[in-house]
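Novice: We have chain A; now place chain B onto it with these hints.
Here is what each chain is made of, one letter per residue.
Protein chains: 2
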Amino acid sequence: MGAAAIPDPLQSTIVRVSNFIGETTSVLRRTPGLLRALLIDLPDSWTDTTDVPTDGWRPHDVVGHLITGELTDWIERTQRILETGTAVPFDKFDRFAHAERDTDATLDELVEHFARLRAENLARLDELVSEQDLDRRGMHPTLGEVTLRELLATWAVHDLDHVSQIFAGMAGSHDAEVGPWKAYLGILLRREDPSAVAG
Amino acid sequence: MGAAAIPDPLQSTIVRVSNFIGETTSVLRRTPGLLRALLIDLPDSWTDTTDVPTDGWRPHDVVGHLITGELTDWIERTQRILETGTAVPFDKFDRFAHAERDTDATLDELVEHFARLRAENLARLDELVSEQDLDRRGMHPTLGEVTLRELLATWAVHDLDHVSQIFAGMAGSHDAEVGPWKAYLGILLRREDPSAVAG
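Residue numbers (my numbering), protein chains in the order written: chain A, 6 to 204; chain B, 6 to 204.
With the rest of the complex left out, here is chain A (with noise of 0.2 Å):
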């Protein structure tokens, strides 16, 4: 009889340790590069077109929007989490202020200073968090009691919302060059109506 038949208490203790920080960062972490394969002397053709037709955003205006993230919103909250829980609620978030503040930046500039931005959260969130801290309270100026598992959870798919309204803007700059398969093509579809489904 081998050794492995003999039950050994330490090997059958299954050990879960929690990653949620590693497997969000997973995600937060690759948007700047996802951004640069995307985006980067990208032709006018493609970018210029904002994702719904009425009150959208071109791909600018998404890169400006998560700019503002990282300078106002994240890290910010997670560190008034840490200094103060629940007691002072965090500070509204400017979903427009990248509106003027970018008017002359190019789209490149934008995706590289994103890219910045978002190296030094991360490094500031290593250093800021671990995972003992995840259940730390704060408080939502609307949404109330919120936790830091949830903000960072949110940073993450805050990301690939607005990412994705920039592959709906690069689709509508093609709208009319798909021709007859546009019915096919539910990205095309939703721009004008939410609901409508590929055929």
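Rather than coming from a laboratory, the hints here were simulated on the basis of the structure.
Keep in mind the model is a prediction, meaning the values are calculated, not measured.
Honestly, I wouldn't trust all of these hints.
As the list claims (entries may be wrong) - No more than 20 Å apart at the CA atoms, straight line, and that leaves these computed lysine to any residue pairs for SDA-like:
no.	chain 1	residue 1	chain 2	residue 2
1	B	K97	A	F25
2	A	K97	B	W186
3	A	K97	A	H145
4	B	K97	A	G184
5	A	K97	B	A203
6	A	K97	B	Y189
7	A	K97	B	G191
8	A	K97	B	G184
9	B	K97	A	A188
10	B	K97	A	A203
11	B	K97	A	G204
12	A	K97	B	G204
13	B	K97	A	P185
14	B	K97	A	W186
15	A	K97	B	L133
16	B	K97	A	G191
Specialist: Coordinates of chain B only, in the frame set by chain A:
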């Protein structure tokens, strides 16, 4: 008076050389790097969820479907247009061919397989097609007459459409983790109600 004041007939003639193929392949060329930046080594906690709750696709399905397009659709149809015009309709595209074919492949393997096929197909496209061919016509089995220009635009927008599905699935994997912030995240709200508007 400087030389600049003398109109130069050569300079005042604006020659617009069409570069539709270059601008379209600029997007097609980016998709492999984009999928690598997004998916390689991404923790399973982000990749095991479908884009919509019912009959949706996981990232594994989406990359498989993109592989099917490279194997049987875009270049095959390009050749059909060049060889037979509208005389022979395109073969139908099997939207579910990936389901059995890719069962044993990891997501990372699929991404690399797609990248190889895309590189080969862009090289073939470069040999096959020039700007003068773009108005040549083919016969789609259900949509009727289409142009080569429409086929190539659709190839690129089809990439954008399906990569967006990957984003929706990744976001959906953390639907619960964002807590009350879900009310602000359209990418999550639309998975359950396509016409939902984020607060």
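Novice: For each hint, tell me whether it holds in the structure or not.
Specialist: Hint check:
With a C-alpha separation of about 44 Å, the suggested pairing of K97/B with F25/A is violated against the 20 Å cut-off. This hinted pair checks out: K97/A and W186/B have alpha carbons roughly 14 Å apart, not beyond 20 Å. For the proposed pair K97/A and H145/A, the alpha carbon gap of about 8 Å is at most 20 Å, so the pair holds. Straight-line distance between C-alpha atoms of K97/B and G184/A comes to about 18 Å, which keeps the hinted pair within the 20 Å bound.
Restraint check for K97/A and A203/B: the C-alpha separation of about 17 Å stays at or below 20 Å, so the hint holds. For the proposed pair K97/A and Y189/B, the alpha carbon gap of about 13 Å is at most 20 Å, so the pair holds. Between the alpha carbons of K97/A and G191/B the distance comes to roughly 19 Å, so the proposed pair stays at or under 20 Å and holds. A C-alpha spacing of about 18 Å is found between K97/A and G184/B, which places the hinted pair at or below 20 Å, so the restraint holds.
In summary, the hint linking K97/B to A188/A is supported, as the alpha carbons are separated by about 16 Å, within the 20 Å threshold. Between K97/B and A203/A the alpha-carbon distance is near 17 Å, which keeps this suggested pair within the 20 Å criterion. Between K97/B and G204/A the CA atoms are separated by roughly 14 Å; this keeps the pair inside 20 Å, and the hint holds. Only pairs whose Cα atoms come within 20 Å are accepted, and K97/A paired with G204/B is accepted, the gap being roughly 14 Å.
Straight-line distance between C-alpha atoms of K97/B and P185/A comes to about 16 Å, which keeps the hinted pair within the 20 Å bound. Of the pairs offered as hints, the one joining K97/B and W186/A holds, with about 14 Å between alpha carbons and a cut-off of 20 Å not exceeded. The hinted pair formed by K97/A and L133/B fails the criterion: a straight-line CA distance of about 55 Å is larger than 20 Å. Simply put, K97/B and G191/A have alpha-carbon atoms about 19 Å apart, close enough for the 20 Å limit, and the pair holds.
Of the numbered hints given earlier, the model fails hints 1, 15; all others are met.
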